[in-house]
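If you read the protein sequences in the order shown, they are chains C and P.
Numbering-wise (this note's numbering), the first sequence opens with residue 1 and increments by one.
Numbering-wise (this note's numbering), the second sequence opens with residue 1 and increments by one.
Note that these hints are calculated values from the structure, not bench results.
A couple of the hints might just be wrong.
[What the hints assert, rightly or not] Label-pair distances were calculated between CB atoms; the ranges are:
1) K33(P) x N3(C): 19 to 29 angstroms
2) K130(P) x V79(C): 37 to 47 angstroms
3) P11(P) x G20(C): 39 to 49 angstroms
4) Y24(C) x A62(P): 16 to 26 angstroms
5) L132(P) x D52(C): 41 to 51 angstroms
6) A168(P) x S51(C): 18 to 28 angstroms
7) A14(P) x L16(C): 11 to 21 angstroms
[Said to hold, decoys possible] Simulated crosslink set (BS3-like; lysine-lysine; CA at most 25 angstroms straight-line):
8) K95(C) x K33(P)
9) K5(C) x K136(P)
10) K38(P) x K95(C)
11) K38(P) x K5(C)
Backbone N, C-alpha and C fix where the C-beta goes; we use that ideal spot for every residue, glycine too.
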Amino acid sequence: MSNRKFIFVGLLISALLAGGASFYANSNPDGLEKVAQDIGFIETTKDNANSDTALADYGVKGIENERLSVGVAGLIGVVATGAISGGLFLLLRRKNPKN
Amino acid sequence: MHIPDGFIDLPTSAIFAAASAGAITYSLVGARKQLDEKSAPLAGLTAVFIFAVQMLNFPVAAGTSGHLLGGALAAVLVGPYAATLALTVVLVMQGFLFADGGLSAIGLNVFNMAVLGVWGGYAVFLLVRKILPKNKSSISIAAAIAGLISVPIAAIGFVFQYSLGATATFSVSAVLGAMVGTHILIGIGEAIITALTVSAVMASRSDLVFGWENKTSTLEIRN
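Using the sequences and the accompanying hints, generate a full structural model.
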């Protein structure tokens with residue numbers, strides 16, 4: 001598999017997972033949240049300053065359909081993560097490894 | 001595992017933000033030396049893949065879910081320097097774009113998942129790889145065990161932060177027991193996802209895998 005094809009397939013799988021499979025994710029509290037509930041320090045949670053923004057909690061504000069809302073949020077996350085990490089790592093790489 | 005705002009006080013959060021900034025700087029220097037035309041795109045892809053899979057919470061016990069942390073996975077695929085940077089990008093994105101993990105807690109979260117999870121997982125991977133026979137399936141097995149142990153390591157990172165700067169007053173030992181117990185279970189899911197992913201990359205492009213290539217390049221130097 002060529003480099004280009006490998007990266008393309010990887011991005012496609014990521015897009016399918018974040019854009020499609022994410023709807024089926026388990027919605028129970030995660031490990032830390034559950035421990036915080038059971039022991040009691042969940043009460044000390046403060047809202048994230050961005051908790052009312054357009055993509056808060058992996059949903060797009062204004063999209064009523066839940067499957068679509070989480071899927072679009074996931075795809076936006078994939079594109080944004082790819083843009084930032086892709087840019088960072090391409091800046092960091094050595095251009096001529098043999099020299 | 002993403003700590004929200006409010007659990008840990010601001011002075012403690014600031015200390016861990018500084019420690020994380022140090023680790024990121026160290027990783028920038030290391031990644032600059034290591035990444036080339038071939039490995040840089042894989043490092044970017046690793047961040048994207050981990051973001052996607054972190055959305056997929058799986059059930060672990062009654063009323064509890066877990067998701068991939070990805071530190072050990074990233075370290076095996078692209079090396080610990082690029083892994084710390086990839087996980088940091090994911091955590092910053094999640095905090096700012098999706099309100100997942102507190103903004104004042106970003107340093108705490110980077111420390112637990114992008115530093116402890118990555119370097120702790122990588123240390124376990126190196127140890128297990130040393131014991132196992134030198135073949136491709138050993139890389140997947142070592143990565144799985146690294147994934148399994150990296151999750152309770154990150155959880156202990158939180159307990160350490162809680163012991164230093166919790167805003168609540170519940171006993172540290174109670175938090176330790178509950179965090180480690182729950183996160184060993186989540187670690188089993190981490191091990192499975194890590195093994196499947198590393199196996200898939202080993203089967204298609206083993207030359208891209210840092211944890212595998214590293215061994216062969218050491219042999220090349222000796223020749």
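For this session: Hints the structure violates: just list their numbers, smallest first.
Result: Of the numbered hints, just 7 does not hold.
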